[in-house]
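Chain B: place on chain A using the hints.
Given next are the chains, with one letter for each unit.
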Amino acid sequence: MIDQIVQGVLLGGYYALVACGLSFMYGVMRIINLAHGSLAILAAFLVWYIAEHLGVSPFIALLIVVPIMAALGWILQRTVLDRSLRSGPLTPLLSTFGIAIIIDNLLFERFGADTRSLAPDIGDLSYKSWTLPGGVTVGQLGLLTLGTAVVLIVGLQLFLKYAPLGRAIRATAEDPDTAELMGINSRSVYAAAAAIALATVAIAGAFLGMRSTFDAYSGGAQLIFAFEAVVIGGTGSLWGTLLGAIALGVAQNLGAQVNPRGFLIAGHLLFFCVLAVRFFAAGGFSLGWLKALRPRQPA
Amino acid sequence: MTDSVSVRRWSSVSIITVVGLVGIIAILAFGPLFLGEYWTSRITTLFIYVILAVMWNALAGYAGLVSVGQQAFFGLGAYVVVRLSDGGIPVYPAIALAPVIVAVLALVLSPLALRLRGGEFAIGMWVFAELSHLLVNLDSLIQGETGRSLLAISAFAPDVRRANNYWFALGAMTIFLALVFVLLRSRAGASVQAIRDNEEAAASVGVRVMSTKRIIFVLAAAGCAAAGALTLSTLITFQPKTFFSVQWTAYMIFMTLVGGLGTFEGPIVGAVVFFIVESLFGGSGVWYLVTLGATALVFSLWVPRGIWGTLSARSGLQLMPIGYRLVFGDKRAAEENAQA
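Protein chains in written order, with numbering that gives the first Met the number 0: chain A, 0 to 298; chain B, 0 to 339.
None of these hints come from the bench; they were simulated from the model. Nothing here was measured: the structure is a model prediction, and the numbers come from that model. C-beta: ideal position from N, C-alpha, C; glycine also.
Per the computed footprint, the stretches of chain B lying under chain A, defined by three or more beta-carbons under 8 Å from a beta-carbon of chain A, are:
no., stretch
1, 60–73
2, 104–117
3, 122–128
4, 284–290
Derived contacts from chain B toward chain A, CB cut-off under 7 Å, selection only:
no., residue
5, Leu133
6, Ala293
7, Leu300
8, Pro303
Part of the chain A face toward chain B, derived, beta carbon under 10 Å:
no., residue
9, Leu33
10, Ala99
11, Asp103
12, Asn104
13, Val230
14, Leu263
Just chain A, same shape as in the assembly (with noise of 0.2 Å):
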């Protein structure tokens, strides 16, 4: 059981990485980046690909995906995402659904269907483990990603109060059209913030790899498991969303206990008691024709 939560929460450090990203873009742009997963998918198949190609360490790998991403990133911004986000709150939805497609599919006709994993390249990290008190193990790499995820939540705060760009960013989140009097350039803060989402999706994608196994079509999964850790959290606040990724992870572990396929069940019944909860607590059904039904007071 202790074994279990510890184990979930090890995970859930993963489930943060691959969530600030996403928790990011909707606190900046109000955009619920639907290619996030997907783009996570490439982040892993890049590193990979250089991992494999050059012979380095996927952690070398990364920082030439992470600039690759970021880039990606400002680009998105500037031909689709600016572009959507005129046009009404559904088209980024419509837009960023349609890249996921397209970038699925893309990766699936390049490498084919194949699985792969960065953990061969990463040597005894990806099964060396401490032991506890108490017989429980926690494993370098799981640590490692959660020591991660920690600190890319604590550097984004930190980044996000005091950095001249991180207050710009801020600014243009509370009141773009404020901003832009201010002598904010919010298409260029939009942009900056996107490129940072995405520099975090390279990383996510990166220990997504080490982990476990990935294919052409695991994005919309990932997306699911870091929308569960925003959603989870409290939208709007990435500490929330750290919180959140850890109680999806400990759920599925928990779940995984009481039936073999429980894992992915325990995660999505948490979700939908989170949104059940959020629900009561709005005041519930506040429906006009239950009070109808209601016997007249007397006067």
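Relative to the frame of chain A, chain B by itself:
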């Protein structure tokens, strides 16, 4: 009084269209008698596509709800048919019953789902689809991804089955088109469009946002369930992975975007375009899917009204009498008004 203004719903074009549409459906009803094996089953598929496109459009184009999880209802519709059939209910009544059962489920889900906004609703529905898929896999009748064949339908001779499927699909398409048509012309129709354009403003003038959205949500679920049940009748084997695939929603989005989001005629046009594209390129292959995604992207950014919406805006042509139009300086209308 020649410069008087009147508000009209029907025009001569729309009368001709509605009569023509009824005529076309009447002719299509004789399809299996002259279409031959191949085209009978192909046109059945076209009917299913029209249902899917019209339902997704009702949800996104009229209620402003973009869902990436409509495959949930599609898959559940097929699953319910398998379950009912296993329980001894004859197969075609089971197909007719499946949308009703799924609609009840959607009604139960609606308070939670409709609380989500925008992208949250979109992926939230996807999570629901994944959960439905996993839970259906747990059913011992389905045996996980192995799936289950709809054995009862094999009792029909192939040509009888083909004709039955065709008539059921045609009937379902007609019913759902009629439901959407009636809904959009009703008070609820004006409400949904007000909600889509500005939810807060609509609520402030007394539109009952929640109940209106709920009607559309449940209707769209029933439509997708019918499409799933009908698809099962053509494929015979229920494989959860196929039926709960997000690809179905991708098809719906493609058809609606290409045809014209938020118009009655658009999704029908989109379904026909998709059907032709699929017939030409075989409906498989990676580049085919890449092209579908790219086309959806291009339409969402540069042709947001789709084929039909663009044509209709250019020419002022409106085939189906859904909205109202102002007629200026029409003598006859003025006389009618004066008499009234």
